[in-house]
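A.B. asks: Here the structure of chain A is known, so what remains is to put chain B in place on it, guided by the hints.
Number of protein chains: 2
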Amino acid sequence: MPKLSARSVAAPASPIRRLYPLAVEAKKRGKKVYHLNIGQPDIPTPAAFMRGVHEATVKVLDYAPSPGIPEAMEALARYYGECGLQVAKEEVLITIGGSEGITFALTIACDPGDQVLVPEPFYPNYLGYARLTNVEIVPITTCREDGFHLPPRREIEAHIGPRTKAILFSHPGNPTGVVYTKAELEMVVDIALRHDLFIISDEVYREFVYEGGHTSLLTFSEVRDRAILVDSISKRLSACGARIGAFVSRNKDVMAAANKCATIRLSAPTFEQLGLVAFMADPNHRAVVEEMIGEYRMRRDLFCKELLDIPGITFRVPEGAFYVMMGLPVEDSEAFIRWMLTDYPGPETVMLAPGSGFYVTPGLGKDEARGAYVLKADDLRRACAVLADGLSTFNRARAGEVVAGRG
Amino acid sequence: MPKLSARSVAAPASPIRRLYPLAVEAKKRGKKVYHLNIGQPDIPTPAAFMRGVHEATVKVLDYAPSPGIPEAMEALARYYGECGLQVAKEEVLITIGGSEGITFALTIACDPGDQVLVPEPFYPNYLGYARLTNVEIVPITTCREDGFHLPPRREIEAHIGPRTKAILFSHPGNPTGVVYTKAELEMVVDIALRHDLFIISDEVYREFVYEGGHTSLLTFSEVRDRAILVDSISKRLSACGARIGAFVSRNKDVMAAANKCATIRLSAPTFEQLGLVAFMADPNHRAVVEEMIGEYRMRRDLFCKELLDIPGITFRVPEGAFYVMMGLPVEDSEAFIRWMLTDYPGPETVMLAPGSGFYVTPGLGKDEARGAYVLKADDLRRACAVLADGLSTFNRARAGEVVAGRG
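Residue numbers (my numbering), protein chains in the order written: chain A, 904 to 1310; chain B, 904 to 1310.
Just chain A, same shape as in the assembly (with noise of 0.2 Å):
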């Protein structure tokens, strides 16, 4: 047969991956598993965006137009309105989820072999956007002990070269939950002036922010031409499946070439379009999102709470998203995480995201874990006492073997 392209084979398997298997191995042998390893939420999906799905009067299943229903468009131009931020209907592409948005993005920033700066740990498709489209990933590392919050401006700019084209952040972030202060995104702001790069802010989780509040890179006046604001409706509509993000940009010439970006695909998905229309039509859209936010705050609060009173976990309270991103009393936390699935006797276990997937930087991670909150209180509480149980367990059996191996 033909070879297959090397950009289609060179993607390592993540190691969550790796361990996916385990886990509906030990669903078959009748374990219930926490996943606290997804980013999915559990939260019903809003009814009004439900009924403008099932209500929608559709005859000929026709192509969207490239840029979104108008009326897509304009729904999501009034929720920036609502957010603070004037955004013209024209300035809203909607994509394909927030996944197409951040490709559309890495296309038009860069050219094959351009780098763009990320600060890890970092959603792990990106890698995956980065592939597909001939950019590579440059990490700037940020550290547990810090919240995640960037480095000094110094350490930021050291890694600038001439083929750096862009700054791309998920913010608030994933996995780390951090919500960087205003100074940070000034920081960025001037950084990115003085270097000539776009930056890109993804903002998927731009509602989840739990202390102070969420800066928008598009309040910031002097990169007007330079920002691209990535969204979706995944996390805020709990609608992942929805496939409906946007790229929002107030650069006249960003927007044509994500227009052309957006022809070549030819359209969004109509009715997930439907949906949104109806629910932002809902005069009661904010208070849904916001009841929506409290839960989540609330899950915060308690698995943070909960994960206190575990011997040896460390990590700073994160500002916002769903995510924890932790350091495990455990040398290698993928070994730990496969036990759990594998070895952890009884009727339960708990599954997390190994630290190490959402690194670059080799060696890094390696005794950290991503935990999300997207389970009911209950079943966080529980979930907690399971890996408390688990991490005790763990370490003695292998304080054990060490002892056994010495003998």
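Hint data in this document are derived by calculation from the structure and do not stem from the laboratory. Positions of the beta carbon are idealized from the N, C-alpha and C atoms, including for glycine. Worth double-checking, as some hints may not be accurate.
As the list claims (entries may be wrong) - Using 30 Å as the maximum straight-line C-alpha spacing, the simulated DSSO-like pairs for lysine-lysine come out as follows:
{"no.": "1", "chain 1": "B", "residue 1": "K992", "chain 2": "A", "residue 2": "K906"}
{"no.": "2", "chain 1": "A", "residue 1": "K962", "chain 2": "B", "residue 2": "K934"}
{"no.": "3", "chain 1": "A", "residue 1": "K906", "chain 2": "B", "residue 2": "K1085"}
{"no.": "4", "chain 1": "B", "residue 1": "K962", "chain 2": "A", "residue 2": "K1279"}
{"no.": "5", "chain 1": "B", "residue 1": "K935", "chain 2": "A", "residue 2": "K992"}
Stated by the list, open to error - Across the chosen pairs, the derived CB separations fall in these ranges:
{"no.": "6", "chain 1": "A", "residue 1": "T1122", "chain 2": "B", "residue 2": "R1301", "range": "55 to 61 Å"}
{"no.": "7", "chain 1": "B", "residue 1": "E1039", "chain 2": "A", "residue 2": "E1039", "range": "17 to 23 Å"}
{"no.": "8", "chain 1": "B", "residue 1": "E1125", "chain 2": "A", "residue 2": "D1281", "range": "55 to 61 Å"}
{"no.": "9", "chain 1": "A", "residue 1": "E1039", "chain 2": "B", "residue 2": "L1205", "range": "51 to 57 Å"}
{"no.": "10", "chain 1": "A", "residue 1": "N1162", "chain 2": "B", "residue 2": "R1301", "range": "34 to 40 Å"}
{"no.": "11", "chain 1": "A", "residue 1": "V912", "chain 2": "B", "residue 2": "V927", "range": "44 to 50 Å"}
{"no.": "12", "chain 1": "A", "residue 1": "Q943", "chain 2": "B", "residue 2": "V1041", "range": "39 to 45 Å"}
C.D. replies: Just chain B now, with coordinates in the frame of chain A:
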């Protein structure tokens, strides 16, 4: 502002994009425009599909599995079975339209800078997929006199070089309507084997065949490991806005690579997959498709008969799809189509797609245009009458100008 990437600004505006605003203006002036230029079916989407969407019981709209909802993959595998192709569920991956299927295929077959052979004239979006994946399209020119059938083997092989990785074609063809004979496909298969190429067969019009039969690339067992079928429900379910297509291969490594591509973009939209499942569960589904094809056959016969009556228009009756690529009795079809939108008198006009937009070889297709028979019979008849009158008025006006210029 930072410079946009070369790839995002490279594409020249296609002729149809230049003309589209003129059609909008014509309609604003109260003109009725018969759109023979677009490939958007006008036939209602089947009721069973719509019911599948409207009655879907989804509580949390979570990510669908990346390769597709299992029932949707099964539904397509069953569909291929009904067409005489034995395909396992695992050999089918649900894509976000045929567009994504071709993008995946190019990504897997080619690294940046590699080449694919494509018979021209071809679907212009292929250029977009190729640009986004940094692949070069090498055209194999076919011509109207041959009904756009393939040239002799040596002409195709003359274009193969060290960076050629695949042959890509739509079959039946857009814009040509050509359906390749078994002998032609055997030649392609043989070329692919000899030169170690992938074959990417875009069969989104696979049901739209009016003469003889359609031989799918998947019927050739010699190319089990190098054949990639790209499919879509857009045309045969009159559901372009669903964004549901398929990537089919019997090669496990190719499917593994396609699954990686699919994982990166997370999932295809859920409701439209459920629509497909419901459609295929309708015991009447074959009859629904066949009735639709019957309507298109009638339209093709009608359209071709009407076109044959227009002096100077030349074409060979196409065997499939829903297009006629015709020669017009004008020097520059784009100038004529523009004139029809801006200067043609009376309450009605016709829009065609200029032929040059389907070629990459400079100068080709200048006197050609693509007509799509996606209108009801009466409208098709009327559109042809307007086209006939337009051509003679245009040519008289031009002759007058020439005479005036001489005078």
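A.B. asks: Hint by hint, say whether it matches the structure.
C.D. replies: Outcome of the hint check:
1. K992/B / K906/A: Roughly 24 Å between the alpha carbons, so the hint for K992/B and K906/A holds.
2. K962/A / K934/B: At roughly 25 Å apart (the allowed maximum being 30 Å), K934/B and K962/A satisfy the hint.
3. K906/A / K1085/B: Given that 30 Å is the threshold and the Cα spacing comes to 27 Å, the pair holds.
4. K962/B / K1279/A: holds, 16 Å
5. K935/B / K992/A: Satisfied, since the Cα-Cα distance of roughly 28 Å is no more than 30 Å.
6. T1122/A / R1301/B: 55 to 61 Å: Given about 57 Å between the Cβ atoms, the range holds.
7. E1039/B / E1039/A: 17 to 23 Å: holds, 22 Å
8. E1125/B / D1281/A: 55 to 61 Å: holds, 59 Å
9. E1039/A / L1205/B: 51 to 57 Å: holds, 56 Å
10. N1162/A / R1301/B: 34 to 40 Å: Since N1162/A and R1301/B have Cβ atoms about 35 Å apart, the given range 34 to 40 Å holds.
11. V912/A / V927/B: 44 to 50 Å: For V927/B against V912/A, whose Cβ atoms are near 46 Å apart, the range 44 to 50 Å holds.
12. Q943/A / V1041/B: 39 to 45 Å: Given a distance of about 43 Å, which is inside 39 to 45 Å, the answer is holds.
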